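**Student:** What follows is each chain in one-letter form.
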Amino acid sequence: MAEGDHAEAQIELEVFRFRPDDHPEPHFDRYQVPSRHDWVVLDALNHVKNEVDATLSFRWSCRMGVCGSCGMMVNGKPVLTCATFLEKFLPGPIRVEPLDNFPVVRDLIIEMNDFMRKLQMVKPWIIRKQEKPLAEGEYLQTPAQLAEYKQYSMCINCMICYAACPVYGLEPAFIGPAAIALAQRYNLDNRDQGKTERLRILSQEEGIWACTLVEECSAVCPKGVDPAGAIQRYKVTGATEWWKSILMPRSNG
Amino acid sequence: MIEGTANQNPRYTKYHPKWHRAKIPIFWWIHKLPHIRFIARELTSVAVALYACILLFQILAVADGPEAYARFLAWLKTPFSVFLHAVAFLFVLFHSITWFNLAPKALVVSLGNKRVPPVAIVALNYAAWLILSLAISWILLK
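Respectively, the protein sequence lines represent chains A and B.
In terms of the numbering used here, the first sequence opens at residue 1 and continues consecutively.
In terms of the numbering used here, the second sequence opens at residue 1 and continues consecutively.
No wet-lab data here; the hints were simulated from the structure.
Hints may contain errors.
To be verified - Partial list, computed: chain A residues near chain B (C-beta under 8 Å): (1) Pro-26; (2) Val-104; (3) Val-105; (4) Glu-111; (5) Gly-169; (6) Leu-213; (7) Val-214; (8) Ala-219; (9) Gly-229; (10) Gln-232; (11) Val-236.
Just so you know, these numbers come straight off a predicted model, no measurement behind them.
In this text, a Cβ means the ideal position worked out from N, Cα and C, and glycines have one as well.
When you get a sec, could you build the whole thing from the sequences and use the hints?
**Tutor:** Given below as structure tokens:
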């Protein structure tokens, strides 16, 4: 397929293709791409799109691990394709598929509305019972208070943890790793006062209690967020709040 | 059902019959080592349940009088029971150790401005396990 300009080392890509208007069933297309030591899988896909087969569809934007758009399964593992070098897979072939556990719209593009809905559901923003007037200035925070939640704020919504989570695959109602980690990002922020509102969402069966601690979400996270840790921590909070509601039904947490 | 609940049949999306949804096979967990380890840990809870059942049967035997209890003790000494206990013990040990090692994930404790290191949390769990085991064996064996 690919005509190299010169005798450059090549590596084979096996790319998942799904174009429902042409073929009802998905299949794999093979492409030879230059195996350059500074190329990532995303570079190879862009090479295919520009030089070989313009019908190939995939998402990408920043190509530097910040936007979270280019998550795909590479040889069965969910990764950011902008941060995964071709060299790692020599001599090839490299199998590129859309993220597991999501419906596929076309080729490598998954449908993410379910995640977006769940993300909104956990209210990932600072909730104040009463906003203080602008004249009083900003809400100040010490480095120690920032450190409490900073790790969870590194999440870029790439959904790689959802692709790695067998619970989400088997029980799609599960709120899922990133959304719960982001809820914790705000729960642990000293400026936030929305813990009780989030508790009602997170302590459902489809919330933290669906998690069986496979820990793959944390293993694959490209940003070191540790969603599994966030969920287990919240299980302690959820259980404590439940006991409080039983023992002290009149207090409003 | 409470507001904002996640349960709205997420397998079905109106007006989108053309999306491809991969099916998850029953043996989805056989391909990756972390998944196999996870399933193994889950299965060890069967041994934990087995221990609990044996304890319940023991209490029933006590309630049924000295003869029933003697019969129960005789059953405990059979090779089958000894084998069952040996296997269950290994599983429960694996279960307990992995459980204790995961404790710092759930327990994040701060003393003043300093976070208690995860190793200390694990160590405290093991210490509590040891002390309780010693206390119980002291009560049983004295």
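**Student:** Can we keep the A/Pro-26 interface hint, with Cβ of chain B closer than 8 Å?
**Tutor:** holds (6 Å)
**Student:** Answer holds if the nearest beta-carbon of chain B is closer than 8 Å to that of A/Leu-213; otherwise answer violated.
**Tutor:** OK, holds: A/Leu-213 within 8 Å of chain B, min 7 Å.
**Student:** Classify the hint on A/Glu-111 as holds or violated, based on whether any CB of chain B lies nearer than 8 Å to its CB.
**Tutor:** holds (6 Å)
**Student:** Measuring from the C-beta of A/Val-214 to each C-beta in chain B, is the shortest one below 8 Å?
**Tutor:** Holds. Min distance 5 Å.
**Student:** Does the CB of A/Gln-232 sit less than 8 Å away from some CB of chain B?
**Tutor:** Result: holds, 4 Å to nearest chain B Cβ.
**Student:** Verify the interface restraint on A/Gly-229: the C-beta must sit less than 8 Å from at least one C-beta of chain B.
**Tutor:** A/Gly-229 check passes; min Cβ-Cβ to chain B is 5 Å, inside 8 Å.
**Student:** Holds or violated: the hint that A/Val-105 contacts chain B, with Cβ atoms closer than 8 Å.
**Tutor:** Holds, because the Cβ-Cβ distance from A/Val-105 to chain B comes to roughly 6 Å (cut-off 8 Å).
**Student:** Closer than 8 Å between Cβ atoms is the bar; does A/Val-104 clear it against chain B? Give me holds or violated.
**Tutor:** holds (4 Å)
**Student:** A closest beta-carbon separation below 8 Å is what the hint needs, so does A/Val-236 meet it against chain B?
**Tutor:** Holds: closest Cβ of chain B sits about 5 Å from A/Val-236, inside 8 Å.
**Student:** Hint A/Gly-169 vs chain B: min CB-CB distance below 8 Å?
**Tutor:** Holds: closest Cβ of chain B sits about 5 Å from A/Gly-169, inside 8 Å.
**Student:** Should the hint that A/Ala-219 touches chain B count as held when the rule is a Cβ pair under 8 Å?
**Tutor:** Holds - the Cβ of A/Ala-219 comes within 8 Å of chain B, reaching about 7 Å at its closest.
Checked against the numbered hints above, the structure violates none of them.
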